[in-house]
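Put chain F on the given structure of chain S with help from the hints.
Take a look at the letters that make up each chain.
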Amino acid sequence: MTDMKRLLSLFVLCAFLTGPLVAQDLPADAPVLRWAAAPDSNAPYSFYDASNKLTGFEYEIILAVARKMGRKPEFIQNDWDGLIPGLGRGMYDCVICGIEINPDKAGEVDFSMPYFITFEQLVLRKGSPDVTKLSELSGKAIGTLDQTAALKMLQSTPGVDARTYQQEMNAYRDVESGRIYGVLLDYPIAMFYASPMKDLAFVGPPFGMISYGIVVKKGNTALLDEINKALKEVIDSGELRDILSRWNLWTPTMAKALNQPVDPSLPPTQYLAFIGAATQSPTLLQRLERYATYTPLLIDAAILTLKVSILGMALAIVVGFTFAVFRVYGPWPLRMLATLYIEIIRGTPLLIQLLIIYYGLPNIGIKLDPFIAGVLGLGLNYAAYEAENYRGGLMAIPKGQMEGARALGLTHTQGLRHVVIPQAFRMVLPPVTNDFISLLKDSSLVSMVTLVDLTGAYNRMATGTFDYFGTGLLVAAIYLLIGLPFVRLARYTERTLAVDQRRPTQKPGAFHFPAIGKKAS
Amino acid sequence: MADETPILSIRDLHKSYDETEILKGVSLTVEEGDLVSIIGPSGCGKSTFLRCMNCLEVLDSGTIAIAGVTLEKKDAATDPDRDFSRKAHELRQRVGMVFQNFNLFPHRTILQNAMLAPMVVLGVSKTEAEATGMRFLEKVGLAAFRDRYPSQMSGGQQQRAAIARALCMNPKVMLYDEPTSALDPQLVDEVLQVMRDLDNEGMTQIIVTHEMRFARDASDYIVFMEGGYIVEVSDEDEIFTEPKDERTRRFLARFL
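Protein chains in written order, with numbering that gives the first Met the number 0: chain S, 0 to 520; chain F, 0 to 255.
Only true hints are included.
Below, a list of computed lysine-lysine pairs in the DSSO-like style, where the Cα atoms sit at most 30 Å apart:
1) S:Lys398 / F:Lys138
2) S:Lys71 / S:Lys104
3) S:Lys398 / F:Lys23
4) F:Lys23 / F:Lys86
5) S:Lys151 / S:Lys197
6) F:Lys125 / S:Lys398
7) F:Lys171 / S:Lys398
8) S:Lys52 / S:Lys67
9) S:Lys217 / S:Lys67
10) S:Lys216 / S:Lys67
11) S:Lys197 / S:Lys125
12) F:Lys86 / S:Lys398
13) S:Lys366 / S:Lys440
14) F:Lys86 / F:Lys171
15) F:Lys243 / F:Lys23
16) S:Lys151 / S:Lys217
17) S:Lys139 / S:Lys197
18) F:Lys72 / S:Lys398
Keep in mind the hints are simulated off the structure, nothing from the lab.
Isolated chain S, as found in the complex (with noise of 0.2 Å):
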């Protein structure tokens, strides 16, 4: 403990010290390196820390590839499965994410040299039998991250029931609680994820032997000269050695690779940062402190929220109106389309549905920027309630208004639009009110499609602090304010639309609308 203590003061000096690193100096009309990598859920490759900065060995290799390549790092965010494609499409140079170079991929672009060296580093519950072969897993559930070559390492040893993550410290919360009995990943994720975790240990050889290089468009080869050449001046100089050591991952395999000695060069400063940002338990001044930090975060993600949300009502509100229409009045055709897509819709979950329209819709030519595919996941989907609702309160206007309306010289359209729909419409405003508070809710689902929203900050912000709980609580406490004024509306139209609803103050049942549908007297 007093070790720990030591080391921390020691990262408190060494973060000073490593301010210049960053900072560097450059003709203002350098040229820029652009480049790109996946930063949430991300550490220690390139995320984003406690603070809300974008840290990790990644993003300090790039920077000093690009110091020694004379050009300005330009940083352009993106999500995991869009990275390899942004390339091609010219949106960035090239991609620093872990990316393992892999024969399979050498057609599709092109890598540098390995600017790091590692494997696969199984964790078990601390008190579990040795492994010293994957197949000795069998029959045993084991998790990981999707997309990984320890995914493919576990789906090639027969019997192993292999368990897929979104977040890699779920995956170790998993083996914790008993849920699993072990994860494989890169040894970088169980460095910094579970090695903190005292309840975990780490057991086994390292399994395969995974490489990453920094990608390139294929063909590019000016600048992948230009990558390999200031990559081994990084190599060569030591600099690599001395980020990888205050990582905490420099590690025997990196040193024999590179034919450096074993030995660290500089204290693991970054890494215990980290972990002491992850594991320490901050008092709650310190806690308080963290959260005000993430203000500006929190506000642009309200704020995302919300406009996703309002679009996406509005979206849905368009749609929903002109199905509801098309199935109370329209042609059989319209009928049948709006009531095969209310149906579709209700019947399939909306993640999916979102999926599909942002990662589906490329194969067959159709791109959709993150917000667009939120708002048309998320409007497409409330369109069909939206429908129902509508449809509901146009099915409830009594059969009679429109005959008022017919017999007074109006023609149907005219019915509709000044008698059918205005009643209609104030018959559905609490319910469609009541909608746009779920939806609200649902819209952190477009998370999923890369967009930074409440649960989007949410993710970057825990990951980067480990704390689930508090943050958690945080975010829920925005949905619920962001919420509220249109609970209080709803409240309020349903109150005053009320007392326009009222029926005469006749006897009962003289009024009652279904005898004015009876055909024959």
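Relative to chain S, chain F alone:
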């Protein structure tokens, strides 16, 4: 008067719902200014007959000629529907209709109820529509209630408002489908009085009703329907004292 074209002339009207024939060839002629009551047992087709006159029900075959608009349907399959609905639309503008349940628009005040059709259908200005609306609300004694919502008025007041609303379109013929059936007994007279006043001003009115006393007192003549046919058209006194048909006698026996 006899050599003039009657304001309403219906020939051989047929109407079925699914397989059930409701009207089995009904013919009726009404002269301008007449007040005609249609009576008959429930299910005899009298409401359907009235609704056909306003095209709220589309006739299967026959001819309807009202105030210069002739609707004809010999064969539903070959008649161009578009032409039919255009004529139906034209016809509705000359015919006012009042319903058992008023069918006032609950989201509008009674003045707004009265102003809607002139503005939307005839395209008159708001000022003009308001003037017309007020004139007819005054006629039915509701000028002071102009800003009330239907829900804030009694049934009798609502029905008078519905009549005023129909009059705003300046109809040549007024149709009433059991206008007092939904009213408390003490509210019936105020509605019937409005109809009497209109009769005195020369309005042509056709009323489907169960109010035998009113039918007898106010009608020029009474049409008795049963089983989809017009059984008897008689003078208002005659039908009660010496009905021509046995079925009429049996029906009226219950009221006398």
